[in-house]
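*Asks:* Listed below, chain by chain, are the residues.
There are 2 protein chains.
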Amino acid sequence: MLDSLFSPKSVAVVGASEIPFKWGTYISSNILDGKFTGRYYPVNPNIKGVFGFTTFPSVVDIPEAVDLVFITTPAKTVMQILLDCVQKKIKNIVMITSGFSETGPEGIQMEKEIIAFAQKHGLNIVGPNTMGIVNTHCSLYATGAITRPKPGGISIIAQSGNLGYQIMEWAESEDIGISKFVGSGNEAVLKIEDYLKYFKSDSETKVILMYVEGVDDGRVFVDIAKETSLHKPIIALKAGRTEIGSKAAASHTGAMAGSFSIFKGVMHQTGIVFAESPRQLLTLSAAFDSFPLPKGNRIGIITLGGGWGVVTADECAERGLRIPELPQSIKDELDRRLPPFWSRGNPVDLVGQPDFQLFKDAVELMVAHEAFDAVIVLGIVGSKVFAYKAAEAVLNLGKMEKNVFDDFVKLLYIHQNEFLDRLIELMDVYNKPILPVSLSKMPGDETVHSCGGKHKVVIYDSPEEAVLCLSKMYQYNNYVEKRSTVYA
Amino acid sequence: MLDSLFSPKSVAVVGASEIPFKWGTYISSNILDGKFTGRYYPVNPNIKGVFGFTTFPSVVDIPEAVDLVFITTPAKTVMQILLDCVQKKIKNIVMITSGFSETGPEGIQMEKEIIAFAQKHGLNIVGPNTMGIVNTHCSLYATGAITRPKPGGISIIAQSGNLGYQIMEWAESEDIGISKFVGSGNEAVLKIEDYLKYFKSDSETKVILMYVEGVDDGRVFVDIAKETSLHKPIIALKAGRTEIGSKAAASHTGAMAGSFSIFKGVMHQTGIVFAESPRQLLTLSAAFDSFPLPKGNRIGIITLGGGWGVVTADECAERGLRIPELPQSIKDELDRRLPPFWSRGNPVDLVGQPDFQLFKDAVELMVAHEAFDAVIVLGIVGSKVFAYKAAEAVLNLGKMEKNVFDDFVKLLYIHQNEFLDRLIELMDVYNKPILPVSLSKMPGDETVHSCGGKHKVVIYDSPEEAVLCLSKMYQYNNYVEKRSTVYA
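The listed protein sequences derive, respectively, from chains A and B.
Position 273 of the first sequence, counted from 1, bears residue number 272 in numbering that gives the first Met the number 0, the numbering being contiguous throughout.
Position 23 of the second sequence, counted from 1, bears residue number 22 in numbering that gives the first Met the number 0, the numbering being contiguous throughout.
It should be emphasised that the hints constitute simulated quantities derived from the structure, not laboratory data.
Keep in mind that the hints are not guaranteed to be accurate.
Identical chains share a label here; the pair holds if one copy fits it or two copies do between them.
[Said to hold, decoys possible] In silico DSS-like pairs for lysine-lysine, Cα to Cα no more than 27 angstroms straight-line:
no.: 1; residue 1: Lys481; residue 2: Lys440
no.: 2; residue 1: Lys149; residue 2: Lys440
no.: 3; residue 1: Lys453; residue 2: Lys205
no.: 4; residue 1: Lys75; residue 2: Lys119
Kindly produce the complete structure, drawing on both the sequences and the hints.
*Replies:* Shown next as structure tokens:
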């Protein structure tokens, strides 16, 4: 239903401009500089051209069919533009314009008129008061605040444009792929449940990320969420969980946030995965988009330092994951490879041996064994920082040739990349997640490693992030398995 | 008591070497390349020189007094070296060497002999099986894994060298100042409580950061912690909180981690601030080292986007902080400065006005008012990313001159720096913390902003970090106030 809205062949921007700090400039420059694959038509009766494109006085003057119109002009101009759209047989509108229900009685009245008009003419309206939309797969970057994450599997619905923009900005800087984005604004016509429904059926969307302050019709929302989450994970942050937060939400979007305990009770049945913060929204979505789901909660831990194993074991226990005993067969195998005083338990402490073949073999021993549903690998990725700094000191003291140092550094990157490639191979073979935690970073280090196949590897900054993701993936897998059984 | 250990004028490294991947090389190269302000003597009977320094066959052959000896040679050689140290009247030893109680019965026996010897001769021994020590204030970087954070007020005691090293590495990369570091290793002689006692009296230490797996004598520890925390905040992570974590800790350090619930019950009286993860250890320590303590829990929030205000209000409520109503006087003042539809509540939504004078004035209105004990400022720092990307698109489309763009970007950095300077001024005047949350970063952006004075500003990546720090600072302030009253 919303295909031509999110994947238009041609767009018009009403109020298009080149003048700095205007929304008509932000949207136009973002679309053009973002290299939208379709056609762009600026609409503005007061100027001749925008960024080298000839303007049209009105959408009705555009010589071809238009799939989507962005409106950036003041609230009072909107109704006439909608009339023009109907005349031009345009169905899809992104109403950037603010000054409606969020501003008081007059705005509420204007918004009501828009709703009635849209219903009468079957218009799909995003907003008003929206940050805009994005579809990376046709390079449509059409938000007022500019950020351009690369194409990927995560689609975002945000009841705060600002917050949604920020999540895309993080995704861009961490090289996490995004499919589509919509800032739902005042939700005068299209509501959060409409976007959910669309993303459910959208083949480019693998994971749905939502920032929710409130929903108008809880029952409809729950039904759609329930249907969707059986096929695709929904990762949501519910804002307005507390009385004071709910009050702030009411003053922000005007939506009744309602009691979070009621909301959460209902949501529990939907299979929605709840994040605890905006950062977690992206962290969890990237995990669901990258790793195979764990089929159980039995975790194997491999570490280069004892302390990190302890910290991770604590985190696992606190998040409902189990750390089974190390099977005898693995003990026997590692006995042959490790110094006699190694820990002989899970977590497996590889006691700092700088041996990447051992690292790969140890990971395979764990992931291949039926005792484990997932493996966390601590400190191997990132260990090159230690080696780099050790070599650099010797270089600085004049006891290593520069070319030897350079070759050594190259080798460090190669080892790390080969190790990450191997993790992906092992995930493909055993269909279990392997989560590396890199405690240190160097320039050029990735956040997500991909070989272009089904699975990717997200590289975590700290064990608690990896454990959180595993625990939420485990819970979601449980939910889907139970629901699938019931409905089988 | 440990002054000459942490601030030696001369050090010797037994087992000093230039050969890669040896601890004698790591420690020597780190000390030399780190530009230790004292004198360095390599000890090794098998080679003539190390990094241009003539070696000595034994510490007794060194021609001057030696304040501190690092031992990096195998466990079996250690006792003879200790005898040499006693002969040379050396009191302080950092025993890097492993292979003692962590490896089994034979090692336990050797460690017992060392303990007895140290007691007899009054030796201060760090370790064995330690990562080493650091004192940034005399540029003594003497850890096996190399990282060199800048001088600052945070001193670290780590019962995992690896984990402690990592915290320093994070501090270095985030430009957070460190005073001293010790990896306590097997704690054969010097124990966690000895370091705590020393850092309590050390004038260069403002905040104590601890990673704790277990303590030998709980009563002694509690007494010292109690005494210390009245004067300096102690930020601690207790690992082995869960049964499985405790088991992992036992296999790691051999220490009995004990039940965390008992530990925590006792620790509650000590005023120790508990972190929930290694990252939080550093985050909290940096906050305590930078901001004035909040005298109450009433928080003013300023935001550029409604969603962030809601999220932050929720976080505050969940962490025991309050969001009071906005006082009438502030409403009146902001009525004159903001569009008519502004929220007129706390959080104050500045509705995206790009006006740094307004930002500064709004912060002062809040921090100066008796209704608030602290202020969180969302999105103003970092808002330049939005402006930068908007201008960049216009530049790319050929509608802005490169020199105009460059000047604009310079101005963005200047505005941000002036704003951060102003926050520090306001903190100095009103003695209340102001925590900025920068959601986006650009190259060269700081994590900590300082004007060289009493207070600094830590710039947070996300609101939940700022709220966590405020809530822990508030709790600590409460503890100190209550204890001070009782003892007054």
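*Asks:* Are there hints from earlier that the structure breaks, and if so, what are their numbers?
*Replies:* Of the numbered hints, just 1 does not hold.
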